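Asks: Respectively, the protein sequence lines represent chains A and B. Position one of the first sequence corresponds to residue 160 (the numbering used here), numbered consecutively onward. Position one of the second sequence corresponds to residue 160 (the numbering used here), numbered consecutively onward.
Since the hints were made in silico from the structure, they are not lab data. A portion of the hints provided could be inaccurate.
As the list makes no split between identical chains, a pair holds if one copy fits it or if it spans any two.
[Unchecked claim] Derived pair list, reagent style DSS-like, types lysine-lysine, alpha-carbon separation capped at 25 angstroms:
#1 Lys181 / Lys165
#2 Lys163 / Lys213
#3 Lys181 / Lys223
#4 Lys194 / Lys165
#5 Lys194 / Lys161
#6 Lys202 / Lys163
All figures in this text were calculated on a predicted structure; none of them were measured in a lab.
As a plain string of letters, each chain reads:
Number of protein chains: 2
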Amino acid sequence: MKNKVKIARVQVDLTQQQLANKVGVTRQTISLIEKGSYNPTLKLCLEICYAVNKSLDEVFWIEKESGGEQ
Amino acid sequence: MKNKVKIARVQVDLTQQQLANKVGVTRQTISLIEKGSYNPTLKLCLEICYAVNKSLDEVFWIEKESGGEQ
DNA sequence: AAGTATAGTAACATATATATTACATAATTC
DNA sequence: GAATTATGTAATATATATGTTACTATACTT
């Protein structure tokens, strides 16, 4: 679960703790998401987007890994 | 959790079962997501986007409910 | 060197996303 | 009217997202 949460957070000058407060989760949850250690829910993704003023695509989009399509 | 999964799914002419197969979940999970009865994980949102050829913003973006910002 | 702020991480608990199985309904087709 | 297909939904089980608490390390300040 690669994402751009850390970049977006730093751009709006928030600490993990501040972002956590804004979106209503704990600092640990933000840390784990930034590290890509897991797979947040849509609701939390949206809250993070609102907090950093970006869209889902800007923060969470990942291109489909090739393969699959034939 | 309002979203446009059903519209997007019908546009690419898939049944709930077919979409479920493509993204690797059960039909019930797709049904519940379409009904807005819950809050899928980011990974599943991305799989659905790949399957219907749309972006996260197109299928899952929800404007921030007013309020909050002062 | 002690105090504070930020961030990484681990153990355990709880809430909930998802699976499994099953039943129900409506629309089609034989 | 029986068989099939698509969908909604309910009960129970499992996996995992998230909370809670706590320890660690680094950087900065005094």
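Asks: Each hint needs a verdict: does it hold in this structure or not?
Replies: Going down the list of hints, with the structure as the test:
Proximity of lysine 181 to lysine 165 under the C-alpha cut-off of 25 angstroms is restricted to the intra-copy arrangement: shortest distance 15 angstroms within a copy versus 31 angstroms between copies. Both within a single protomer and between protomers do lysine 163 and lysine 213 lie at most 25 angstroms apart by alpha-carbon distance, with minima of 10 angstroms and 20 angstroms respectively. In this homomeric assembly, lysine 181 and lysine 223 come within 25 angstroms of each other (Cα to Cα) only across copies, at 13 angstroms, whereas the closest approach inside a single copy is 30 angstroms. Proximity of lysine 194 and lysine 165 under a CA criterion of 25 angstroms is satisfied intra-copy only: 9 angstroms inside one chain copy versus 32 angstroms between copies.
Taking the shortest alpha-carbon separations for lysine 194 and lysine 161, only the intra-copy value of 8 angstroms comes in at or below 25 angstroms, while the best inter-copy value is 28 angstroms. Taking CA atoms no more than 25 angstroms apart as the test, lysine 202 paired with lysine 163 passes in both settings, with 17 angstroms inside one copy and 15 angstroms between copies.
Consistency with the previously given hints is maintained throughout, with no hint failing.
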